[in-house]
Amino acid sequence: MTHVSLAKYTAIIRINLRERATYSLDVLSKAPQVMFRLWIMFSFYGVVLQTQPAAAATTTLNQLLWTLTILQAFSGRGHPRIAEIINDEVKSGLIAYSINRPYSYLLFQYCNFLGKSLPVIAARLIAGSIAALFFVGLPSTSPTALLAGTLLLIGGFTLDFFIGLSIGILSFWIEDSVALDMLYSKILLVLGGFLVPLSLFPPTLRSVLEYSPFSQLAYSAGYLITHFQWPLFYRYCATQALWIAISWLCAYWLFKRGMRHVAINGG
Amino acid sequence: MSASIINVNNLCKTFFVKRPAQSFGGRLRSLIRPTYQEINAVNNISFDVADNQIVAFIGPNGAGKSTCIKMLTGILMPTSGSISVLGLSPMRDRTCFTKLIGTVFGQKAQLWYHLPPTDTFQVLARIYELDHAVVAKRLSLLIDAFEIGSFLHIPVRKLSLGQRMRCEIVAALLHQPRIIFLDEPTIGLDVIAKQQVRETLMMLHKQEGVSIFLTSHDTGDIEALAARAIIINQGSIIFDGTTTELKNRYVTTKVVQLVLEQTTDTFTFAGGTVIEKGRHNIAIELDASPQAIQRLLSYALENFTVADITISQTPLEEVIAAVYNNTFLLPERTL
Numbered sequence: 001m002t003h004v005s006l007a008k009y010t011a012i013i014r015i016n017l018r019e020r021a022t023y024s025l026d027v028l029s030k031a032p033q034v035m036f037r038l039w040i041m042f043s044f045y046g047v048v049l050q051t052q053p054a055a056a057a058t059t060t061l062n063q064l065l066w067t068l069t070i071l072q073a074f075s076g077r078g079h080p081r082i083a084e085i086i087n088d089e090v091k092s093g094l095i096a097y098s099i100n101r102p103y104s105y106l107l108f109q110y111c112n113f114l115g116k117s118l119p120v121i122a123a124r125l126i127a128g129s130i131a132a133l134f135f136v137g138l139p140s141t142s143p144t145a146l147l148a149g150t151l152l153l154i155g156g157f158t159l160d161f162f163i164g165l166s167i168g169i170l171s172f173w174i175e176d177s178v179a180l181d182m183l184y185s186k187i188l189l190v191l192g193g194f195l196v197p198l199s200l201f202p203p204t205l206r207s208v209l210e211y212s213p214f215s216q217l218a219y220s221a222g223y224l225i226t227h228f229q230w231p232l233f234y235r236y237c238a239t240q241a242l243w244i245a246i247s248w249l250c251a252y253w254l255f256k257r258g259m260r261h262v263a264i265n266g267g
Numbered sequence: 001m002s003a004s005i006i007n008v009n010n011l012c013k014t015f016f017v018k019r020p021a022q023s024f025g026g027r028l029r030s031l032i033r034p035t036y037q038e039i040n041a042v043n044n045i046s047f048d049v050a051d052n053q054i055v056a057f058i059g060p061n062g063a064g065k066s067t068c069i070k071m072l073t074g075i076l077m078p079t080s081g082s083i084s085v086l087g088l089s090p091m092r093d094r095t096c097f098t099k100l101i102g103t104v105f106g107q108k109a110q111l112w113y114h115l116p117p118t119d120t121f122q123v124l125a126r127i128y129e130l131d132h133a134v135v136a137k138r139l140s141l142l143i144d145a146f147e148i149g150s151f152l153h154i155p156v157r158k159l160s161l162g163q164r165m166r167c168e169i170v171a172a173l174l175h176q177p178r179i180i181f182l183d184e185p186t187i188g189l190d191v192i193a194k195q196q197v198r199e200t201l202m203m204l205h206k207q208e209g210v211s212i213f214l215t216s217h218d219t220g221d222i223e224a225l226a227a228r229a230i231i232i233n234q235g236s237i238i239f240d241g242t243t244t245e246l247k248n249r250y251v252t253t254k255v256v257q258l259v260l261e262q263t264t265d266t267f268t269f270a271g272g273t274v275i276e277k278g279r280h281n282i283a284i285e286l287d288a289s290p291q292a293i294q295r296l297l298s299y300a301l302e303n304f305t306v307a308d309i310t311i312s313q314t315p316l317e318e319v320i321a322a323v324y325n326n327t328f329l330l331p332e333r334t335l
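Residue numbers (our numbering), protein chains in the order written: chain A, 1 to 267; chain B, 1 to 335.
No lab work stands behind these hints: they were computed from the structure. This one's a predicted model, so the numbers in the text were calculated from it and none came from an experiment. A hint or two may mislead.
DSS-like cross-link-like pairs, simulated, lysine-lysine; straight-line CA separation at most 27 angstroms [as the list claims (entries may be wrong)]:
1) B:Lys99 to A:Lys256
2) A:Lys30 to A:Lys116
3) B:Lys137 to A:Lys91
4) B:Lys206 to B:Lys137
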């Protein structure tokens, strides 16, 4: 990719960041709800770990809460959904502009999503970290674990984008894919460790879910930051890379097929 | 005659729209086996557009003009037929193709809603990989031409429709396209804004030789800009010729209004029909040929003292409305 063609994608990220900045108060006002959620989780899992020795043997409250802090930064109200963005474009007919410019549509949407998401994730991460620091203190981690976790977070973000994009592109056929996206987000909530950390799941189910795409969105990164081991990092990287490749192929195939089915609403 | 820049051959577009069932049982059945209604939005149309032309593509609501423009710009895939624009296939050669065309869809916005237009222009400059110096020069020209300098730094959401539309057109022209597709560019604009948009488009057409393919319900756009009109109705082309030809073909009568110093009691002219008669004024509808008008004027000037004369013909708007309604007997298509 040439320098010139990269510039167009960074420009798309920048304009989305600037647009988010015009509503910075909205972003900031939604971030504190993470603190409230973490307080509920801190209270709930504090009791769970005290009363369930089996669970307490696998993790500590500090590790659990910091893992959940990472997960909470990536979910919840105010966080843009790529499927919703594409769905809105199809419904409003704005797709007439967005597909017809000299760029890769998939990369354009990735940059769009990145620009819209980064301020929200950053605000939620800061709010969550303040809460976690207050409840359980500093995380038991290392610079290597943080770096490895950050890499997995970037991968997880990309994986979430491609899965969401595939769902969004379905609106080329069905015109409204919001219901499917809601289903996806609910599956994530349960099977992606966003509500109940996978470390508290039964061992067999946990090992199956660790190979699923849902755990690779944010749970793998959150868990690795607080439980760093090189073999685990390699395993998560391989699993995540595989799911990114599959979801990218799926999104690309759907997009190519979907272009034949685009119907622009209204005049 | 310049070379063709748009070639459309036997173009068809069919949509399948789910047909809702009336009964509850039918609705349940349609979940498993939906029934579809076939709609032929564009039905086997062919035409060419020469370089440096302004073509108005007009038709009533649902005639298929927007579907056609979207196929020409590579947004919709034709069901059958072929399209070549500037020697490229809009769908297959999308990346190259989009650099050569500009599009404005009057009912949709490409400007970032919460940011000033200048931010969108800068991003589009990057997307189209334009050089900084080229962009600065181009923007300066367009800002002056469309008079948007005073609100360039105001968020789009705070602009009036006319201001926004002018910025939309600037965004479409920024990369100096060879052809621009305008889908109802003056929709919702006031008289002054419409006039400004038309004048600027005409100026750019003359100065830069940009071709314009335009759909509009406003006959003012067609009269002010287009030398050629293609009329589409129910997916088929029913007229393709110059706008003058359109008028000449369908405008068969003219109305001459005379104001006389004498009373009109003794005014008797056999070559026309009196459609209005006052004490000193009279309106006569007669054949649009120059001879008929000459005969009337000779009669009037020889027998009366004429204080004022007005000669009017059917406005283009009424001509087009009549064509849509099949009031006029449609002739063979002119190619």
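Tell me, which hint numbers fail for this structure?
3
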